[in-house]
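Novice: Using the sequences and the hints, build the whole thing.
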Amino acid sequence: MLGDHEHAKQKASGTERKYIAITCQHFYPEMLSTGLFITHIATGLVQNGWRVRVYCSRPSYLPKAENPQNAPLHITYQGVEVIRVPTLSTARDTLSRRLLNAITFLLSIAWYLFRDRKELLGVVNTTNPPFLGVVAWLAKRLLGLPYLTIVHDIYPDVAVQTGLLARHSPVTWLWERITRLIFNGSAGLVVIGRDMAELVRMKLRRNQAVPMTLIPHWAEPTVVYPVPKAENSFVAEYELAGRFIVQYSGRMGRVHNLEPLIEAAAQLQDTSVLFQFIGDGAKRKLLEERVQQLGLTNVQFLPYQPYETMAHVLSAADLAVVALDGRCNGVSVPSKTYGLLAAARPVLALMDPMSEIGQMVHESGCGIVLPHATGTTI
Numbered sequence: 000m001l002g003d004h005e006h007a008k009q010k011a012s013g014t015e016r017k018y019i020a021i022t023c024q025h026f027y028p029e030m031l032s033t034g035l036f037i038t039h040i041a042t043g044l045v046q047n048g049w050r051v052r053v054y055c056s057r058p059s060y061l062p063k064a065e066n067p068q069n070a071p072l073h074i075t076y077q078g079v080e081v082i083r084v085p086t087l088s089t090a091r092d093t094l095s096r097r098l099l100n101a102i103t104f105l106l107s108i109a110w111y112l113f114r115d116r117k118e119l120l121g122v123v124n125t126t127n128p129p130f131l132g133v134v135a136w137l138a139k140r141l142l143g144l145p146y147l148t149i150v151h152d153i154y155p156d157v158a159v160q161t162g163l164l165a166r167h168s169p170v171t172w173l174w175e176r177i178t179r180l181i182f183n184g185s186a187g188l189v190v191i192g193r194d195m196a197e198l199v200r201m202k203l204r205r206n207q208a209v210p211m212t213l214i215p216h217w218a219e220p221t222v223v224y225p226v227p228k229a230e231n232s233f234v235a236e237y238e239l240a241g242r243f244i245v246q247y248s249g250r251m252g253r254v255h256n257l258e259p260l261i262e263a264a265a266q267l268q269d270t271s272v273l274f275q276f277i278g279d280g281a282k283r284k285l286l287e288e289r290v291q292q293l294g295l296t297n298v299q300f301l302p303y304q305p306y307e308t309m310a311h312v313l314s315a316a317d318l319a320v321v322a323l324d325g326r327c328n329g330v331s332v333p334s335k336t337y338g339l340l341a342a343a344r345p346v347l348a349l350m351d352p353m354s355e356i357g358q359m360v361h362e363s364g365c366g367i368v369l370p371h372a373t374g375t376t377i
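Start counting the sequence shown at 0; every next residue gets the next number (numbering that gives the first Met the number 0).
In short, the hints are calculated from the structure, not lab data. A couple of the hints might just be wrong.
[To be verified] Label pairs and their in silico Cβ distance ranges:
#, residue 1, residue 2, range
1, A229, K117, 54 to 60 Å
2, P169, L106, 22 to 28 Å
3, A186, T296, 51 to 57 Å
4, P145, Y224, 35 to 41 Å
[To be verified] Derived DSS-like pairs: lysine-lysine, alpha-carbon spacing no greater than 30 Å straight-line:
#, residue 1, residue 2
5, K117, K17
6, K139, K17
7, K139, K202
8, K139, K117
Bear in mind the structure is a predicted one, so any value in this text is a computation, not a measurement. Glycine included, every Cβ here is placed at the ideal spot set by N, Cα and C.
Specialist: Given below as C-alpha cells:
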C-alpha cells in the first residue's frame, strides 16, 4: 500500500519512527473475514520496515473454549502494536447491545487517535464497523492525519439491500452522504472486487480524483493447504469419515442466503450427505430453528474453529459453499472463497454470476454458480 519511494522520503524527513495507525473492529486472534486480512496487512507492513499500531475492539468472535474477556488489552503481535480500546459491551446478541458496542468503540477510537496524534503518520481506515470512517475523516480535518480507506462492505447499501433500511428514508439519505464524504476525503481507496469498484466509483465526485486500487483478498498457503482425509484431525475428531460433507464455514449474516442448504438437507436425509455449518451470525439461530422444525439429523452446527486448524477444517469439505444475496453485488465480497481454493475444495457459489466471486469461480473453473438456488437445484 505504501511504496518504497514514500518510505525513503519518511526516512529522509526523520519521521520513520512514527506509526501507521490501523483502525478496525477485528484483529488477531479473530482470524476471520476482515480480521484475518487486516492482520496480514499489518504484519506485512512491519516486515517491510514500517511501524504499525492497530486500534481494535476486544474479540467477540472466538471459539467457544476461549473467553474474550481474557484477551489482553495491549499486546505486540509479530511486531505490530495492538491496542484493544474499551467498549461498554462486547455482546452482539441484541440490537441495543450492538449499538452500544459500536458507539463506545467509535468514541474510544477517536480518543486514542487524539491522544497519540503526535506519534502517527496517518490512518488506514476500514469500513467495518459502519461510521468508523467518520473518525478517520475527523482525524484528517482536526489533527491533520491523512487516511486510506479499505472497503470491505459498503453502507448504507448493505442495510438497504437486506431490508433493514428503506431506500428513500431520511436515515439512508444521511448515511449515503456520510459514506460519500468519507470516500472523497480519503487519500486513496482499496476495493476487493470488480463489482465493488464500480459501485464505489459512483460515489466519488467527478471533479475529485481519489486513487482507487483493486486488491482481491487472498489465502496464506502456509496456513491453508490441502489435507488428505486420512490424515485430517478435524475429520477424525467429528467422525466424518465416510460422509459426504457439504460445508459452509464463516459468518452467517443477513446477506448470506443459506436457507436453500437446509431445504436440500431435507431432501437428502436418507443419504451419507452431512450439511455442516461452522461459525456464527444473525442467521444461525434461524437456521437452527428450521432444522429443528424439519427434524433433520444430517445437519451439524459448530462454533468458529481455531485459526491454526483451518487447513484441516476446510479440507474436510467435499463441497464448500459460499453465499451472497444477489441484491448485494458490489456491497460485499465473500472472501472466504480464497481459503477454499487454497484447500483445493470444489466450490458451490450461491450468488449472482456477475458478482466478483461468481466471476472468479467461472474464470478459474473451481466450481459452479447457482444464482437462484433452491433445495432441489442444489
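Novice: With reference to the structure, classify each hint as holding or not holding.
Specialist: Do the hints match the structure? See the list:
1. Between A229 and K117 the Cβ separation comes to about 57 Å, which falls inside the hinted range of 54 to 60 Å.
2. Evaluation of the 22 to 28 Å hint for P169 and L106 yields a pass: the beta carbon distance comes to about 24 Å.
3. At about 54 Å, the beta-carbon gap between A186 and T296 stays in the expected band of 51 to 57 Å.
4. Roughly 38 Å separates the CB atoms of P145 and Y224, a value that falls within the hinted 35 to 41 Å.
5. A hinted pair counts as satisfied when its Cα atoms are at most 30 Å apart, and K117 with K17 qualifies at roughly 8 Å.
6. For the hint pairing K139 with K17, the CA-to-CA distance comes to about 16 Å; that is within 30 Å, so the pair holds.
7. In summary, the hint linking K139 to K202 is supported, as the alpha carbons are separated by about 20 Å, within the 30 Å threshold.
8. Pair hint K139 plus K117 holds up; C-alpha atoms about 13 Å apart against a cutoff of 30 Å.
When held up to the earlier numbered hints, the structure conflicts with none and fits them all.
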